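Spelled out, the chains give:
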Amino acid sequence: MVDTPVGDLLLDGLWLMGIGLGVVFSFLLILVAILVLMSRAVARWGPAEPLAQSLTATAPVPGADPVPGAGHARVIAAITAAIHAYRRRHAA
Amino acid sequence: MVDTPVGDLLLDGLWLMGIGLGVVFSFLLILVAILVLMSRAVARWGPAEPLAQSLTATAPVPGADPVPGAGHARVIAAITAAIHAYRRRHAA
Amino acid sequence: MVDTPVGDLLLDGLWLMGIGLGVVFSFLLILVAILVLMSRAVARWGPAEPLAQSLTATAPVPGADPVPGAGHARVIAAITAAIHAYRRRHAA
Amino acid sequence: MESALTLWQSTGIANLTWRELLMLLVGCGLIYLAIAKRFEPLLLLPIGFGAILCNIPLAGIGGPDGMLGMIYAVGIETGIFPLLIFLGVGALTDFSALIARPSTLVLGAAAQFGIFATLLGALALNLVPGFDFSLSDAAAIAIIGGADGPTAIFLASRLAPDLLGAIAVAAYSYMALVPIIQPPIMRALTTKAERGIVMEQLRPVSRLERILFPLMLLLLCAMLLPAAAPLIGMLTLGNLLRESGVVDRLSRSAQNEIINVVTILLGLAIGSKLSGELFLTTQTLGILILGAFAFAIGTGAGVLMGKIMSRLTGRKVNPLIGAAGVSAVPMAARVVNKVGLEENHHNFLLMHAMGPNVAGVIGSAVAAGVLIALVTP
Amino acid sequence: MESALTLWQSTGIANLTWRELLMLLVGCGLIYLAIAKRFEPLLLLPIGFGAILCNIPLAGIGGPDGMLGMIYAVGIETGIFPLLIFLGVGALTDFSALIARPSTLVLGAAAQFGIFATLLGALALNLVPGFDFSLSDAAAIAIIGGADGPTAIFLASRLAPDLLGAIAVAAYSYMALVPIIQPPIMRALTTKAERGIVMEQLRPVSRLERILFPLMLLLLCAMLLPAAAPLIGMLTLGNLLRESGVVDRLSRSAQNEIINVVTILLGLAIGSKLSGELFLTTQTLGILILGAFAFAIGTGAGVLMGKIMSRLTGRKVNPLIGAAGVSAVPMAARVVNKVGLEENHHNFLLMHAMGPNVAGVIGSAVAAGVLIALVTP
Amino acid sequence: MESALTLWQSTGIANLTWRELLMLLVGCGLIYLAIAKRFEPLLLLPIGFGAILCNIPLAGIGGPDGMLGMIYAVGIETGIFPLLIFLGVGALTDFSALIARPSTLVLGAAAQFGIFATLLGALALNLVPGFDFSLSDAAAIAIIGGADGPTAIFLASRLAPDLLGAIAVAAYSYMALVPIIQPPIMRALTTKAERGIVMEQLRPVSRLERILFPLMLLLLCAMLLPAAAPLIGMLTLGNLLRESGVVDRLSRSAQNEIINVVTILLGLAIGSKLSGELFLTTQTLGILILGAFAFAIGTGAGVLMGKIMSRLTGRKVNPLIGAAGVSAVPMAARVVNKVGLEENHHNFLLMHAMGPNVAGVIGSAVAAGVLIALVTP
Ligand code: NA
Ligand code: NA
Ligand code: NA
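Those protein sequences? They're chains Y, W, D, H, F and P, same order as listed. Here the first sequence is numbered in the numbering used here, starting from 959 and rising by one per residue. Here the second sequence is numbered in the numbering used here, starting from 959 and rising by one per residue. Here the third sequence is numbered in the numbering used here, starting from 959 and rising by one per residue. Here the fourth sequence is numbered in the numbering used here, starting from -17 and rising by one per residue. Here the fifth sequence is numbered in the numbering used here, starting from -17 and rising by one per residue. Here the sixth sequence is numbered in the numbering used here, starting from -17 and rising by one per residue.
None of these hints come from the bench; they were simulated from the model. A quick note: this is a predicted structure, and the numbers were derived from the prediction, not measured. Possibly wrong hints are sitting among the right ones.
[Stated by the list, open to error] Derived Cβ-Cβ restraints for the label pairs, each shown as a range: (1) P:Lys320 - H:Thr358: 55 to 61 Å; (2) W:Ala1006 - P:Lys320: 27 to 33 Å; (3) P:Leu109 - F:Pro46: 39 to 45 Å.
Using N, Cα and C, we set each Cβ at its ideal position, and we do this for glycine too.
Assemble the whole structure, with the sequences as input and the hints as a guide.
Right, here's the structure in full:
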């Protein structure tokens, strides 16, 4: 490969560029189409989902794998309650 | 082994079943005996242990490897205090 | 090596001791010199640093790698606030 | 033109075989079961994903130079991954219920009848044309009846690596199906009165007993059945880390980092044995049928032994807890609790079922040891 | 006397070559950039440290029997480390912005023009005496334009292992320099009015869509471009662990333990390719120049495609978000946000730029797949 | 009948040798010391458990195909495990006390006299019939006097792998015994007035100094003693991760995940060198005696150097802190504090002893480097 004249290498490179960009664009354009179709299908046939949950990307599914997450969630809940108590008292 | 007639294989299997179940039962029955003896020995010669501690399976030994657990325990304690404050205020 | 008479081995050992202790002492004495020079250089040309920060060995640099620490810091802050609320209310 | 052909020939569609297509669907199916049906998602999701990855045409991800193939060689062929999972299981398991009532070990022994009955069943299946299980194949399939994932993977990787994919999928699927498979059998084999039996509260177990237990178990295993020592050794090490109370750092590491990381890699690597040639065979169908059979027999044997214990102790034992002897921790114990509550809303059997449940883990590890000792692949 | 000579000859000073001395300085320089300038410290600090370690005379830490050499063989030659990092990236990435507006994938495609232009540039550099890049060298260098660390390391380890050190250093350095490289290009190619365009808020994305997305992406990759399957496979596995919601343990493990441990080892191992003979060459100079070129071209192509999309949609798209198409997550998206705020203090483009930003990750993985498929080392 | 014999012959009892039985008891003894006496439980518990596992008859867990044998080959033969532990130690260690008072490095140097005196002692033991230590054996045994576990394991795995088990057990046992071994020596060598000396408070150390320290140490090591570069390199990398403040993720990973997981595996793998043939020898007895000797000599040398420093500085240095120079972090520093408090209830020496204590870690790593450079196995 090292002995190939630079001109030939550049031709190879142009080929690679054409094919490469072609594949990248084709791939991502097909993905666009798939995503559009998927979203429509989900909107039509998917389960109704409470909006509040769907907004937060990392919303944990209730009941699933509760071991470590649950504790943390409870800590947050406890803190939230404590903070509310604090705020309300100060507001009062 | 693949060429063994099925009948011979089934005989081997029966042998294996007999020996296997025998070993499993023997093993676990001896373990029963050992556990009964162990519990008696511990009850007689073992150190007196505060019951409260022995009830909770994961009771940490005080002073041992405190590094990460301690911080967490303190967080929980803090939250507990905060929650109590919150509850008491609401009850009042 | 095993066939070497013990006397020769002991001589080798004495050599090793001499060289070894020499290297250890030289190494650490040069390190002493380097550290003294480094501290002087830092004191003269280094950036002024708030003392409070330099006292705590593990003081995190603000803004750096916030992902996991930040959440925890916020939890601590929340708890601190809650506790303050609790204490102030009890003091009152 | 030629170049376009080359490009087309490097796509997946141009090279997709029907076996690969089917296995991609199997992978998606496993992921569906894991997510939508919560079938043992911690294992079935990585396994399903692994199945997809290693059936992508041309990519060779499951091959000897592919990522999953390499992970398989390092982690499963050596037996290290299932043993590390067992370390974590030991660190996560509280054996107090078993120590407080050692007699429940007998229930854990009885439920292993499922293993040996299935071994016979697998051999008998050779009478049906299209099946050709050797003794080591049959032993590897039979261990599905142990209802214990790492034990099944460990044994299958030793005795029948080609069947490992199907065996792991069957084992975890049926463990997820325990709430469906077990209750009818439990109800059929017990009377209403038996199901209503209320058991005495368990005595508290001292810390010293909990520390001595893993050591006793390990030494017994060393003396009687060295072939089970890797499995029992890792289980008891994990439990000793937990109960000793002096190495919390290590115990937490075994319960979290080690088990989580190994679970991901183990699941993926199992996928490398889910290629079309290995999975889409009549053998797999046989394995799935035998697996269901194994769970049912094991449950039945456990319950029947429960009935015997109930008689012998003057109705102090609720025979339902025998069903938990198959292992499938803690699912089987929860199922016992649920079936018990159907009869008597105040009869909580969960803690009582934990004894046979963890006994089942020991029992199937012992059974695996016997099979390793007596069956040569 | 003789012994004193032996001792002197076993010191580093007596054996230090000027190449090693220079590389020790390069290592210190990388650490300085990491700590004082916050240049991608998570990678550049271990890389810089690795550079120091493997240029210590006599110690041979980067050699085949040295620690770093062994880590390289196990983790990078096999491709496992960059793939595990990609697993973590997948588990850390929220693709919602992309799912809500799939058209931004086109921006992620356009920015990959930087890769292929750099490939041509690297080949053209052969006209300059002293440069001698083969096609596979050029492809490995070009991937710097993908602005994605693990992808660059994965491709370079396959196509041009000798250049890996320089490529990794260039890739991470320029990713850190994104806030300096990109803004002038973005301003030069857009009008004030274009930069001020306010975009519509993104629609919420349902959980089911977020679960289906990684599966769709993986299956498309399997059908069209199997060569990209290892990278896309690990990315989508990580994302599925995250979004499935049933394996939080595994998701957290991928986001923390796995990515952290692998990052340390990966950085150190890259250092083993930073020996003087491999790094202190004119080739490295060429790689650094081409890298800057790649980033600039990629940014420009992204912005120009953004302008086209802006026209076609009737000014509903702010062309600045095209610059985020190079990847460099989340730095590039933050830069877009900052440049946007300069025009209009209430125009927050961050969420809008996240779409092309994560599209860029997919785009460069696809480009890497093409290069693996068509270029043989 | 024949089958029953086969079965009996596959039990452990039928194959147990007296060596294995003794080693099982040694393993139980180590676990007892770890749990009941808190003797370095993080290491001695896994080591003891490993001793049990690899002395189970027939199981071959410590052999080349057994789990512990494989872990040994991957982690200890390569030196990777002790180096990763050193990474964690670096990330856990605060060198501020040393930076504030660099002169305490001399105390860390003096305490290494224990290493070289023990080397002579081991060679002299060859005069006693039954002992036959080569120079490399003697060097590996001597490093016990360094009072630093990972350094001892690293050196022993290079110079005398067969003695590794006994050396590791001796090193960790004596580190646990520091509170018993050191105080009498400290009291014997100092006067009441010396023990009561109150030291000036340490100056605060700036962040920049703490960042520069590991780099200076590494570069000095690179220039003077490349043979110590693996150990010093990992120690300083860990410390730089900690002090740089820009890679907290990685620092936490080194302090927790990496060190915990490696500790479990390292402990178990050491067990694979605790087979009867390797451990139940007169050599082991010699190693245990020499180890105690090494600790005592090291303590004494540190205290005597402390007395010299005390004189030279006009009684500004309490000679007790010299005892902390052996390493055994932080146990030795705590012992110094305790002995100091016995004289003066308000004299807290802990922070002052941390300087020589961490200096001892560096000192023994340097000594290990010298031994690696000059002794060929
Ligand atoms: Na079982
Ligand atoms: Na990209
Ligand atoms: Na030391």
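Hint check results:
For the pair Lys320 (chain P) and Thr358 (chain H), the beta carbons lie near 60 Å from each other, so the given range of 55 to 61 Å is met. At roughly 29 Å, the beta-carbon separation of Ala1006 (chain W) and Lys320 (chain P) lies within the given 27 to 33 Å, and the hint holds. Separation of Leu109 (chain P) from Pro46 (chain F) is about 42 Å and conforms to the stated range, judged on CB atoms against 39 to 45 Å.
Checked against the numbered hints given earlier, this structure breaks none of them.
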